[in-house]
Amino acid sequence: MQKLLELVKQAHACGDYQPLVDLIPYARVLGVQCECYGEEIIFRLPANADNIGNPTIPAIHGGVIASFMELTALFQLTLQLPQPGLAKIIDFSLDYMRAGLDRDTFAICHISRQGRRVGNCSVLAWQERKSRPIAQARAHFLLDNGNPAEIDINPLKS
Amino acid sequence: MHDTEYYTARCSRFLNAQPHMRKLGIRLIKADRNKVTLVLPVQPQLISEVLDTYLHGGVLTTLVDAASSVSTLCALDQFELCPTLDLRIDHMRSPVQSQPLYVAAECYRVTRSVLFTRASVYQDDPARPLAYAIATFMRPEGGATDSAFRAMIEGVSDAETA
Chain A
1 MQKLLELVKQ AHACGDYQPL VDLIPYARVL GVQCECYGEE IIFRLPANAD
51 NIGNPTIPAI HGGVIASFME LTALFQLTLQ LPQPGLAKII DFSLDYMRAG
101 LDRDTFAICH ISRQGRRVGN CSVLAWQERK SRPIAQARAH FLLDNGNPAE
151 IDINPLKS
Chain B
1 MHDTEYYTAR CSRFLNAQPH MRKLGIRLIK ADRNKVTLVL PVQPQLISEV
51 LDTYLHGGVL TTLVDAASSV STLCALDQFE LCPTLDLRID HMRSPVQSQP
101 LYVAAECYRV TRSVLFTRAS VYQDDPARPL AYAIATFMRP EGGATDSAFR
151 AMIEGVSDAE TA
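Top to bottom, those sequences are chains A and B. Just so it is clear: in the first sequence, position 28 is 28 by this note's numbering, and no numbers are missing. Just so it is clear: in the second sequence, position 140 is 140 by this note's numbering, and no numbers are missing.
By construction, these hints were calculated from the structure, which means they are not laboratory data.
Restraint-style ranges between C-beta atoms, simulated for each label pair: (1) A/Gln10 / B/Val42: 23 to 33 angstroms; (2) B/Pro41 / A/Asn145: 32 to 42 angstroms; (3) B/Glu141 / A/Arg132: 19 to 29 angstroms; (4) B/Ala127 / A/Gln33: 39 to 49 angstroms; (5) A/Arg129 / B/Pro126: 39 to 49 angstroms; (6) A/Pro46 / B/Pro140: 23 to 33 angstroms; (7) A/Asp22 / B/Arg22: 20 to 30 angstroms; (8) B/Pro140 / A/Gln33: 28 to 38 angstroms; (9) A/Gln33 / B/Asp146: 23 to 33 angstroms; (10) A/Asn145 / B/Asp146: 45 to 55 angstroms; (11) A/Gly115 / B/Tyr6: 48 to 58 angstroms; (12) A/Asp50 / B/Val42: 18 to 28 angstroms; (13) B/Asp77 / A/Pro58: 19 to 29 angstroms.
Short, incomplete list of chain A residues facing chain B, as computed with Cβ under 8 angstroms: (14) Leu23; (15) Pro25; (16) Tyr26; (17) Val29; (18) Val64; (19) Lys88; (20) Ile90; (21) Asp91; (22) Phe92; (23) Ser93; (24) Leu94; (25) Tyr96.
Chain B stretches covered by chain A per the calculated footprint, using a threshold of three residues with CB under 8 angstroms from any CB of chain A: (26) 18-24; (27) 76-86.
Heads up, the beta-carbon is just placed ideally off N, CA and C, and yes, glycines get one too.
With the sequences and hints as input, model every part of the structure.
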């Protein structure tokens, strides 16, 4: 039996975070990727025709940008704080600043406060320059501090 | 002011014009003046074999954003492509993955520049919402909406748009 904690440990050890990302089906549908640069983890959403919302510009669907940022926060929490299960989102608040064009999008999450039960996250998303973000978000997550309903991720190994 | 049938057709065309909505199979169930109901059907690509209680990581957010945006189509006489300014979601309970996800959204205030919407997400019972959301949208300044796209959403025949 392999637990989330072990999966995180494994990801940190071998530098391959994809098995963790693939835990969430929608992250796989969107095509979320994760790259680690020292202590900094940058999430990448490669340009994908299926993620378009506005076909006239064309621009990425606003919901896709929001979800990508929410997933960024969730994965950052999972990677940074050892937890037996995935954190649960409590609330999510997003400012859209520029249209997300049909190209690669990046996101980074900063955990501004980590309490015993709640994690406060802020997420920034950009395309060609970090200084010109396309959106910024704030989210609160309920941390999993080891209740009995631990997630068994064993089937991933099969 | 238009009738329900007109709004239904306009909103369906708008949803179908968006590749990501087609990818997720998000459909319009009902459209009225200022209000819409959308559904995200149960689908294999969103089902996790290992997480049985918490599946919709993020997909609920996409559904809410879509519904809020579609509700603006029912509040404006003419189609305007309004970008989202702000979106805020409160999650009250986790969805189950064996049931479709419904969202009812309402555009409750229209001003010269800004549209205000609210939405609730539910599964079996609208009285037991999973999440509430509020959003604001910016109206484009005169003529900013692509005219061919507008004609398509408004349902002007192909011959006229060509």
